[in-house]
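Engineer: Chains W, Z, U, C, E, V, G, H, Y and D supply the protein sequences, listed in that same order.
Position 53 of the first sequence, counting from 1, maps to 53 under full-length UniProt numbering, and the rest follow consecutively.
Position 24 of the second sequence, counting from 1, maps to 24 under full-length UniProt numbering, and the rest follow consecutively.
Position 20 of the third sequence, counting from 1, maps to 20 under full-length UniProt numbering, and the rest follow consecutively.
Position 80 of the fourth sequence, counting from 1, maps to 80 under full-length UniProt numbering, and the rest follow consecutively.
Position 38 of the fifth sequence, counting from 1, maps to 38 under full-length UniProt numbering, and the rest follow consecutively.
Position 34 of the sixth sequence, counting from 1, maps to 34 under full-length UniProt numbering, and the rest follow consecutively.
Position 105 of the seventh sequence, counting from 1, maps to 105 under full-length UniProt numbering, and the rest follow consecutively.
Position 122 of the eighth sequence, counting from 1, maps to 122 under full-length UniProt numbering, and the rest follow consecutively.
Position 71 of the ninth sequence, counting from 1, maps to 71 under full-length UniProt numbering, and the rest follow consecutively.
Position 124 of the tenth sequence, counting from 1, maps to 124 under full-length UniProt numbering, and the rest follow consecutively.
Treat the hints as calculated values from the structure; they're not laboratory data.
Yeah, the Cβ is synthetic: ideal placement off N, Cα and C, and Gly gets one too.
Be aware that a few hints might be false.
[To be verified] According to the in silico footprint, chain Z covers these stretches of chain W (three or more CB under 8 Å from chain Z):
1) 1-8
2) 19-25
3) 54-66
4) 106-114
5) 120-130
[As the list claims (entries may be wrong)] Simulated pairs of lysine to any residue, SDA-like, Cα-Cα distance not exceeding 20 Å:
6) Lys145(Y) to Ile2(H)
7) Lys19(Y) to Glu63(V)
8) Lys145(Z) to Asp119(G)
9) Lys145(H) to Asp121(Y)
10) Lys145(D) to Gln125(E)
11) Lys16(C) to Phe108(U)
12) Lys19(U) to Glu107(C)
13) Lys145(Y) to Glu106(G)
14) Lys16(H) to Gly109(G)
15) Lys19(Z) to Trp23(U)
16) Lys16(W) to Arg124(G)
17) Lys19(C) to Arg70(W)
18) Lys16(E) to Ala49(D)
19) Lys16(C) to Asp28(C)
20) Lys145(W) to Asp28(C)
21) Lys19(Z) to Pro62(U)
22) Lys129(G) to Asn6(H)
23) Lys16(G) to Asp121(Y)
24) Lys16(D) to Val136(H)
25) Lys145(E) to Asp127(U)
[As the list claims (entries may be wrong)] Going by beta-carbon spacing under 8 Å, a handful of chain H positions derived as facing chain Z:
26) Ile2
27) Asn6
28) Ala14
29) Val17
30) Arg18
31) Ser82
32) Asp83
33) Pro84
Number of protein chains: 10
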Amino acid sequence: MIEQRNEIPHLILAAKVRKGLSWSTIADALGQSKEWATAACLGQMALDANQARTVAELFELPEDAAAWLRTVPHKAADNLASDPLVYRLYEVIHVYGGAMKELIHEEFGDGIMSAIDFDMDIQRQDDPKGDRVRIVMTGKFLPYKRY
Amino acid sequence: MIEQRNEIPHLILAAKVRKGLSWSTIADALGQSKEWATAACLGQMALDANQARTVAELFELPEDAAAWLRTVPHKAADNLASDPLVYRLYEVIHVYGGAMKELIHEEFGDGIMSAIDFDMDIQRQDDPKGDRVRIVMTGKFLPYKRY
Amino acid sequence: MIEQRNEIPHLILAAKVRKGLSWSTIADALGQSKEWATAACLGQMALDANQARTVAELFELPEDAAAWLRTVPHKAADNLASDPLVYRLYEVIHVYGGAMKELIHEEFGDGIMSAIDFDMDIQRQDDPKGDRVRIVMTGKFLPYKRY
Amino acid sequence: MIEQRNEIPHLILAAKVRKGLSWSTIADALGQSKEWATAACLGQMALDANQARTVAELFELPEDAAAWLRTVPHKAADNLASDPLVYRLYEVIHVYGGAMKELIHEEFGDGIMSAIDFDMDIQRQDDPKGDRVRIVMTGKFLPYKRY
Amino acid sequence: MIEQRNEIPHLILAAKVRKGLSWSTIADALGQSKEWATAACLGQMALDANQARTVAELFELPEDAAAWLRTVPHKAADNLASDPLVYRLYEVIHVYGGAMKELIHEEFGDGIMSAIDFDMDIQRQDDPKGDRVRIVMTGKFLPYKRY
Amino acid sequence: MIEQRNEIPHLILAAKVRKGLSWSTIADALGQSKEWATAACLGQMALDANQARTVAELFELPEDAAAWLRTVPHKAADNLASDPLVYRLYEVIHVYGGAMKELIHEEFGDGIMSAIDFDMDIQRQDDPKGDRVRIVMTGKFLPYKRY
Amino acid sequence: MIEQRNEIPHLILAAKVRKGLSWSTIADALGQSKEWATAACLGQMALDANQARTVAELFELPEDAAAWLRTVPHKAADNLASDPLVYRLYEVIHVYGGAMKELIHEEFGDGIMSAIDFDMDIQRQDDPKGDRVRIVMTGKFLPYKRY
Amino acid sequence: MIEQRNEIPHLILAAKVRKGLSWSTIADALGQSKEWATAACLGQMALDANQARTVAELFELPEDAAAWLRTVPHKAADNLASDPLVYRLYEVIHVYGGAMKELIHEEFGDGIMSAIDFDMDIQRQDDPKGDRVRIVMTGKFLPYKRY
Amino acid sequence: MIEQRNEIPHLILAAKVRKGLSWSTIADALGQSKEWATAACLGQMALDANQARTVAELFELPEDAAAWLRTVPHKAADNLASDPLVYRLYEVIHVYGGAMKELIHEEFGDGIMSAIDFDMDIQRQDDPKGDRVRIVMTGKFLPYKRY
Amino acid sequence: MIEQRNEIPHLILAAKVRKGLSWSTIADALGQSKEWATAACLGQMALDANQARTVAELFELPEDAAAWLRTVPHKAADNLASDPLVYRLYEVIHVYGGAMKELIHEEFGDGIMSAIDFDMDIQRQDDPKGDRVRIVMTGKFLPYKRY
């Protein structure tokens, strides 16, 4: 029996290793992008009833897992912050964050890019000098309300 | 006379306000993308001799500014981390960082996306439900060396 | 001459003390709520051209202040976090944050209350057992995008 | 047998998932608002004898749970601080905290809004541009004692 | 001219050293306890008009000081936390905080001792084995509201 | 069998809930003040042989508990720092710490109030405007040694 | 059965103590340098299929260990930062980091030494005044991209 | 006149930019390695009388600079920790620190590599796949004393 | 079976309580000073084969403990930092650290006192005004290398 | 004119460099040990009237310095914590703090070594294998009060 929702990502990762599944396969089964599906399996998104059942079956999770997967999780872990791959992403913001702020305000005025009405796509970009990771993010621009 | 390199971004921002310049104009004058040019003006990139002279003239900086602009700065400020626009960028990594790690490793194996051999493009993406900020990043994949 | 935007709130506060102005008066002059107007004067909101000129005149700010006030500031200071009045606000979230998360998700599903498309109203609520501070906040609910 | 009081919220959440209960139902059973009741179930409030028995039965908790629920808990968790929903609440204070302080002092003088003699109400506010979360808080104003 | 309110305590301390004043004298001039008066001079309390004028004269502060002293300060500094005298006070809470919580709840139920409706008295207590510092604090008990 | 001394306070609290004991009763059994006795049961003081046996019997602790209770514990927990009741105590020092330092030095010269040769008494103080918590602390003044 | 990848280094270290193996022996079995092999066994590198099988056999790990060892770990622990040996390494960067930055930029221009396309060799260097630890690191220089 | 020793590195860097000097030239003038000389100019090493005079003349420092340069500085700054070049050096220790500890103990037993009786050499290493930074460090092994 | 080396100090402390051993007795059995022996038992020093066997027998540790005790531990815990006895030691350095630095440099020049080639002796010093703790530390002076 | 007490140590250090004074000379002039005198000059101790006048003259401080030197300073700086010499002192406590606690309690029972009724002596100890720094500290043992 599952005692806390944050046990599930560990169960999923262990089952994924054991069964040799890929994230793409899992995304297909869920009918979502691989980015959303992976984040969901890692405990960052709530699933609907069908998806929860699919994930529970795919990874042979305990009986009550599907109910847990439908609840909204506590999101936004930062325990990976010093991992070299993840750190590079933070560093991009350390180096470019000020410029991104200036350029988005220059184009849109005062407001933010939503991290909720947001999507992301990660692809390999072939390059003769060494293939590149290509990350495309779009988020709705939200202007600050005046009142 | 400039005593430390990190005085220059303040001088540039003040001149930009005073003169009403846009980052795009500045980027054109430098012959670089607006992303790189803005980051450079905010003290995150070293300029070559021509660029340094251009920036010094454009913003009417003190005489020794051009020499300072050619030095490599201390990069990667995080004093903007709680600004709402910048925070959303960090939050994207809090929420998606684990998934990004999984997906890049699934596609490329062990290694990282370079934050050095890296570029970024920020655009407005028209959308009837509200325009979106579109950010495209590419970075060379670097595999961990085995030896 | 103003060197950085964050000098302006200090200039405004000093002029407010010297002239004995109230925030309500200032809000009326700006044609905005007292909550938005105060936040703007404290460096948390960008002003439009008219508002910037009004504030500059009202507080007799230096010539370049109006131009600075139209730029988007670096927002979200937390240097007041241990002030007793401000701390109580944080404590409300320490104590009720989990419950607020549960109840908003129960009503709306996965998503957040926007802090950008957001307004706030603070009033005195008469009470024979001691008057109360009444704070009303509304923020647009933003559902997490699925893709 | 329960070893520490902070085990109980996990037991309650697990039972809630298993049984598909809603916070409103629980609040009704307790005869309190949904805000207070949820906070209490999450370990932030002490229950009276009847309430403790009701909660213990509703969630089929171990025998000694009712006695534990009557004790005053260690309150004020901040382990949710980076969750996007909860973070927005903190950000509101980062952005508006200074203004709130100014406006409450302007109206009431030196003192604070109590976080103890305090209540909160969360509702859906219909809005054709997208429904809003409406949060109303009232807290007794407490003037600083002079002596 | 004073630019920020937190300059005043430095001006007061410097004048106090120069003039050789004692806190008791200052308290008498203010007509308040030495505890409240000292805290006020150190920037932790707002003064009324008479008190502000008295303090400004006593310490020969700049002209605008009296107006500043009437504003509510940003309170609650912790920059003294490692000073040995102040640290001992914190340590008392590290060691006894849990016990104080238990005993106040045992006597009063769920709630807190107010730090706002609060007073303090510090005296020398003669003792043949070495004189003691005697600190008496009283704060109104505030029960948690149920609703 | 007890593996670490810091398991004992949890065992004591659980037994106290189960048996419905009060701290006053426990203090009487130990022949100490309720403040010292409670701190000791919460793992902040070493007990003598008689007291250790008394506590072990009263709470029906495992056989080796009495021996552990006679050892000097690792003291000074701060895991309660954000609990509202305990936070108010810290806040008193944030607000008054500078004044307490000034007043103790004015009376005694350079030195500290001991937190070791120290006692504390907590009482209810009846008050028609609402009962108050009254805390009396005395600590030996220790002058800094000159050499 | 292994629940998380970070259990494996503990299993390896325990087996290494039990069996009295040396890191050099392990490196030989893996066909890699002792530096890479040790880091891999401590959970910092992904192994290929042969290596994973070798490590699993050598240390008699549970059945599913080999599959886990092929996954990319969460890297970059800093829980050793205060260990005296490890601290000296950090201190070298505290003391020399600025100089290293200056000298690498003087030789190569703006960019970094890769920590991914990187190798390290640690040897004993005989010295009559006391043997020395000799550490040789090489990392590819990566110039900052201009675009 | 110099008020604190840590003003000198800023003066040196500003003069270096103005005069277009290289660290190698400076090292030659000092008769030390470029690594030691650069660290010394950046405020990490004490200079002898001749060296102090040489540096003061070379950079046309104020009269009292030579006397300051002979004093032992407060060493070990970490304000560069998030600079990408410097971060990579820290990351090497995050990733390899455990392995370095294991391998040095395997070879030498319990003890450390000295960061005081220590030297470092940084060179370009030609490589057809991209030149590499080569860093050689040696430090005396110091065994833990038994007594 | 022991899974990690840091379980051993807990086993030793529990056995010491159970058997009523003193640190002096243990030191005699090890043939080392009480300071070194106690630090070793608390997981700060590696033991030789004889010592490891002695400790394992004395405290009736599990079979594999002796092998673990011979490995070099992860040293330098700071989880006691707020304990009043330990804090006083840190405070001595907060108060005297600058003076110690000045005086050691005045006597020896640039360098440090080794914490590795180091010993310590703790004794009771009789004193009619109250016995004193006397701590004598000696550490080899290590001059900074010039090169 | 001196605005804050913590300006004085900088003035003293600058004068000491300019005049080439040694701490021993200063201590003799003050009639105190070099350890106490140095700490006092670095802003950690209050001076009496004669001493304050002596220091003010010796270092040619501004007129009001003597009055400031007689006030009790804010003590206990930790801004030197990463300096290698000072860090070694902290590391000694990281490594030996647990053992020091055990041994002082074994000898004296529950209590602390005072850091107030405390003295320290630092000497060179000749040693053919390299001279040693010898630090002797004594502090009064203070038993925890029972009540």
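Engineer: Has the segment 1-8 of chain W got at least three residues whose CB is nearer than 8 Å to a CB belonging to chain Z?
Structural biologist: With 0 residues closer than 8 Å to chain Z, the segment 1-8 of chain W misses the three-residue bar; violated.
Engineer: For the restraint on Ala14(H), tell me whether the closest CB of chain Z is nearer than 8 Å.
Structural biologist: OK, holds: Ala14(H) within 8 Å of chain Z, min 6 Å.
Engineer: For Lys145(W) and Asp28(C), compute the direct alpha-carbon distance and say whether it is at most 20 Å.
Structural biologist: Violated, at roughly 36 Å.
Engineer: Hint check: Lys145(Y) vs Glu106(G), CA-CA at most 20 Å. Holds or violated?
Structural biologist: Outside the cut-off at roughly 24 Å; violated.
Engineer: Take the shortest C-beta to C-beta distance between Val17(H) and chain Z; is it under 8 Å?
Structural biologist: Holds - the Cβ of Val17(H) comes within 8 Å of chain Z, reaching about 5 Å at its closest.
Engineer: For the pair supplied as a hint, Lys19(Z) and Trp23(U), is the alpha-carbon distance within the 20 Å limit?
Structural biologist: violated (31 Å)
Engineer: Is the Cα-Cα distance between Lys16(C) and Phe108(U) 20 Å or less?
Structural biologist: Cα-Cα ~18 Å, so holds.
Engineer: With a cut-off of 8 Å, does the beta carbon of Pro84(H) approach a beta carbon of chain Z closely enough for the hint to hold?
Structural biologist: Pro84(H) check passes; min Cβ-Cβ to chain Z is 6 Å, inside 8 Å.
Engineer: Given the proposed pairing of Lys145(Z) with Asp119(G), does the C-alpha separation stay at or below 20 Å?
Structural biologist: OK: Lys145(Z) and Asp119(G) at ~7 Å, within 20 Å.
Engineer: Decide if the proposed pair is consistent with the structure: Lys19(C) and Arg70(W), CA atoms, cutoff 20 Å inclusive.
Structural biologist: OK: Lys19(C) and Arg70(W) at ~13 Å, within 20 Å.
Engineer: May I ask you to test the interface hint for Arg18(H) with respect to chain Z, counting a Cβ-Cβ separation under 8 Å as satisfied?
Structural biologist: holds (6 Å)
Engineer: Would the hint on Asn6(H) stand, with a C-beta cut-off of 8 Å toward chain Z?
Structural biologist: violated (12 Å)
Violated hints, in rising order: 1, 3, 6, 13, 15, 16, 20, 22, 23, 24, 26, 27; the structure is consistent with all others.
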